[in-house]
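Asks: Listed here are the chains, written in short residue letters.
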Amino acid sequence: MLRLSNASKSYRSGNFALPVLKNVSLSINQGEFIAIMGPSGSGKSTLLNILGCLDTLDAGTYDLFGQSVDHLDEDGLARVRLKYIGFVFQSFNLISRYNALRNVELPMVYSRTAPNLRTRRAKHALQLVGLGDRLLHTPAQLSGGQQQRIAIARALINNPHVIIADEPTGSLDSKSGHEIMHLFQRLHAAGKTIVVVTHEDAIAAYAQRIVRVKDGKIDPTK
Amino acid sequence: MTSMVPSSGQIRDALYQATYALRDNRLRTLLSILGIAVGIIAVIIVGVVTKGVRERVFSELESYGLQSFWIYRKDPAAGPNAAVREGTGIDDEDLQAVHLGCCPAVLQVSPRVYYTDWNVTIRSGNRFDRVLLEGVDVTYVDISKDVIQLGRNFRPADIESRRAVALIGTKVQQDLFPENPDPVGESFRFNEMKFTIIGMIKEKNRDFLKSIGAAENYDINDRILIPYTLHQQMLGSKEIHTLAGEAVDVRSMQDAQTQIVELLQRRHNNKFAYTPESMEGWVHTIDSILTNISLVGIIAASVSLLVGGIGIMNIMTTSVVERTREIGIRKAIGAPQRDILMQFLMEAVFISTLGGALGLVLGLAASYGLAAWTHMDVIPSPWIMLGALLVSMTVGVVSGYYPARRAASLKPVEALRFD
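Taken in sequence, the protein lines are chains Z and C. Residue numbering for the first sequence follows our numbering, starting at 336 and increasing by one per position. Residue numbering for the second sequence follows our numbering, starting at 981 and increasing by one per position.
Keep in mind the hints are simulated off the structure, nothing from the lab. Every value quoted in this text rests on a predicted model; they were computed, and no experiment measured them. Where is the CB? At the ideal position from N, CA and C, for every residue including glycine. Among the hints, erroneous ones may be present.
[Unchecked claim] Here are the simulated distance ranges between beta carbons: (1) C:987 <-> Z:478: 17 to 27 Å; (2) Z:447 <-> C:1264: 57 to 67 Å; (3) C:1301 <-> Z:362: 52 to 62 Å; (4) Z:494 <-> C:1367: 42 to 52 Å; (5) C:988 <-> Z:362: 15 to 25 Å; (6) C:1397 <-> Z:351: 17 to 27 Å; (7) Z:432 <-> C:988: 50 to 60 Å; (8) Z:494 <-> C:999: 27 to 37 Å; (9) C:999 <-> Z:406: 52 to 62 Å; (10) C:1286 <-> Z:447: 46 to 56 Å; (11) C:1301 <-> Z:494: 47 to 57 Å; (12) Z:536 <-> C:988: 35 to 45 Å; (13) Z:510 <-> C:987: 43 to 53 Å; (14) C:987 <-> Z:467: 30 to 40 Å.
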């Protein structure tokens, strides 16, 4: 369970502190599939960074699966991300000189998984996302949809509790986008908690619950 | 918590990632490798050249005997002909006193008797030659570490009976008997006296001594040795110009010289001062000169290594900036700071070690070239090679640390936003 209570975050610009999240409280249950929507500048990306432990709060608390992350240092947060969280980004964020297999193996390098086990698991994950025949292709040799599937395989590889996806279909055509969302649905059916940020209603429609963010607050009317 | 010491697996991973990244920027990597290689070549050349020069000079000096010394009367005010006017300050009775065991640190001595201007003209058939002529004892050949190449040394009977026999240097053979490589048994004339050649002394290298102007008009290979008793008879004197001696061992050098000098002063009622001279003294002087020269060389080589290190720091800093987004990705998926640090540090060490290895290969090649060209022993020792590799690795660690630290401390959110 992900629980955000009275969370606030501002960004400093010179002498001014620009509030981005204002006293946000949000709970996401284990196994839930939720979509976070909102116009650009609404604070939804900041919310996602907080949920993904990429950034820390100025005020308020964040509990992740019953564990507070508020007092963790950089490496502590990195360990939480490595163990519990899988990321999927709009621009895929693959390492361009690595082939599909090495990209998927990368989190296991940091979790100190034995090399032979890494390869076996990475192959399996790539088969799961339908890229079993593209193991040695580099991102540049693959389509956007295929690249995003490598990213999903990478997000899944350390068996995280939650998948956090920031506009995962934003760089894809609508057919590939829906294929990716079907993949998320399958993962959800398999028990994963999934949080997707999007501004497309058609994408948000895959989720069980939609949270709307506006001016740094969760819009209670919708 | 991960341990502070990286496991071999972590190092392998970091190295793998490093080689991958470097393949992206081949030219840049190659130039940095060259930067370090030049520094290492400089270090190796400086190292082997000073080592080679040192060995060559020392072996030349050693060929004159490191336990050997020469004692003669010192009197700078008296001028070069002082010996003629006031005597040499050493005579047969002094020699007897030494032989009787005055000086426990002295193994053996030999008188040296010569004309004050050294050179004399000798004749064989219708050939003439200007040579050094010295009268010595049987021990002289041993004291001066000379080797009888052909024939034999003097015998005590030759000295006692003042026989007209001679040992000659190789230059004398070349000048006087060019068509006879074995002149033993040949003869020459000096002062209307006929001398029979009983042996030839092996050639000695004198490049270094000549190069520093020492013994400039004393070509040791253009020399004739005769019994000192005969030479004294020709001079009509019982005087000895120089006493050549050998200490019982290298540690006793100082004692041996002091003992003889004190004996001479006592016997002559402190009338004269004496100068002891030895190759050992030269060795110390040369040693400190060479140490200073190699120090300057090492400083110069270090500067080029420093420049190479700055080159690595430069490309690593550039590389960190260029790969900010990649660092963000790695951090987002959970890379600890230490892994990022290790990755970039490994890249720097990889470049510098490759540079070191290349420098080592080129430096070795240059050393062999130099060895063939100068006939000097300038092949680097395994220690120089190991040292060069260690130094290049250290350069990598030192110059890679700052950029790697920067990469490791990037904030993931900010790094991911970077295009």
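Asks: Hints the structure violates: just list their numbers, smallest first.
Replies: Checked against the structure, the hints that fail are numbers 1, 3, 5, 7, 9, 10, 11, 12, while the rest are satisfied.
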